[in-house]
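For reference, the chains in residue letters:
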Amino acid sequence: MTAAAADKPKKLVIICYSGELEKTWATMILASTAGAMEMETTVFVTFWGLQTFVKDKKRITGENWMQKMMSFMQRPGASHRPLSKMNFMGMGPWMMFKLAKKYNVAKPKDLLEMAQAVGVTFLPCQMTMDMFGLKREDLIDGMGEPVGAATALQLMTEADSTLFI
Amino acid sequence: MGNLDIKLKVDASGLSCPLPILKASQGIKSVASGELVEVVATDPGSVKDFEAWSKSTGNAMVEHSAEGGKFRYVIRRK
Chain A
1 MTAAAADKPK KLVIICYSGE LEKTWATMIL ASTAGAMEME TTVFVTFWGL
51 QTFVKDKKRI TGENWMQKMM SFMQRPGASH RPLSKMNFMG MGPWMMFKLA
101 KKYNVAKPKD LLEMAQAVGV TFLPCQMTMD MFGLKREDLI DGMGEPVGAA
151 TALQLMTEAD STLFI
Chain X
1001 MGNLDIKLKV DASGLSCPLP ILKASQGIKS VASGELVEVV ATDPGSVKDF
1051 EAWSKSTGNA MVEHSAEGGK FRYVIRRK
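If you're matching them up, the sequences are chains A and X in order.
All letters in the first sequence, in the order written, are residues 1 to 165 by this note's numbering.
All letters in the second sequence, in the order written, are residues 1001 to 1078 by this note's numbering.
Source of the hints: derived by calculation from the structure; they are not laboratory data.
All values derive from a computational prediction rather than experimental measurement.
We put the CB at the ideal spot given by N, CA and C, even for glycine.
Mixed in with the good hints, there may be bad ones.
In silico lysine-lysine, DSBU-like type, Cα no more than 30 Å apart, as pairs [stated by the list, open to error]:
hint	chain 1	residue 1	chain 2	residue 2
1	A	Lys109	X	Lys1023
2	A	Lys85	A	Lys23
3	X	Lys1023	A	Lys57
4	X	Lys1078	A	Lys10
5	X	Lys1007	X	Lys1070
6	X	Lys1009	A	Lys101
7	A	Lys85	A	Lys98
8	X	Lys1009	A	Lys107
9	A	Lys55	A	Lys11
10	X	Lys1029	A	Lys8
11	A	Lys135	A	Lys55
Stretch by stretch, here's where chain A covers chain X in the computed footprint (C-beta under 8 Å, at least three residues) [as the list claims (entries may be wrong)]:
hint	region
12	1015–1022
13	1055–1068
Same shape as in the complex, but just chain A:
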């Protein structure tokens, strides 16, 4: 059975909507593992999720004062995700990373890089980019072309499994 099953790769689509650390972690674990399982994996990155895909060293993004202020108040980048509970001004995530290191758990950023290495496609949402004033060069390297809801829906209807995280 395995040979026949593996001949036609399964398709997974993840809608990466949230920007909190714990949800980002879930997205990256599933995306990288799906890639390793040779599933055709696409992650549509939208709304708060797109903040994770801004380069870590970018501090302020956006073109007008409102966009700049938004980015100031929620630091972008895969390494700067807040927890939805027990964030305590960054103390929570700091402890989470300490624990992750102690128990040899890969960080979201490492998993993201591994996912890219196994061929997972990350597609940024054009509308979110416009609204937050994000440019292609603000985002990490290796992302796909920006797309919209129609592309996401088409991918979802063709997929074997779809997740909204």
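Position chain X relative to chain A; hints supplied.
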């Protein structure tokens, strides 16, 4: 056991999910079709995970054993 021609050994000891699978996947891609890769992990969850991964990718599990908290998998690249 001793007569298997292992092409590559991957040590995933101490690593948590999903790293043993990601390491196995990297490893298997570096050998040719039909060649064997041995992965050693200590994550108890890896037993079921390697079964699922083997089933999904079609890389066959030739041998697996558990001894003293170490889980050993020998996988043949499809």
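To see whether the hints hold, each was checked on the structure:
no.: 1; hint: A/Lys109 with X/Lys1023; in the structure: 16 Å, holds
no.: 2; hint: A/Lys85 with A/Lys23; in the structure: 12 Å, holds
no.: 3; hint: X/Lys1023 with A/Lys57; in the structure: 28 Å, holds
no.: 4; hint: X/Lys1078 with A/Lys10; in the structure: 17 Å, holds
no.: 5; hint: X/Lys1007 with X/Lys1070; in the structure: 20 Å, holds
no.: 6; hint: X/Lys1009 with A/Lys101; in the structure: 24 Å, holds
no.: 7; hint: A/Lys85 with A/Lys98; in the structure: 17 Å, holds
no.: 8; hint: X/Lys1009 with A/Lys107; in the structure: 24 Å, holds
no.: 9; hint: A/Lys55 with A/Lys11; in the structure: 28 Å, holds
no.: 10; hint: X/Lys1029 with A/Lys8; in the structure: 18 Å, holds
no.: 11; hint: A/Lys135 with A/Lys55; in the structure: 11 Å, holds
no.: 12; hint: 1015–1022; in the structure: holds (count 7)
no.: 13; hint: 1055–1068; in the structure: holds (count 5)
Checked against the numbered hints given earlier, this structure breaks none of them.
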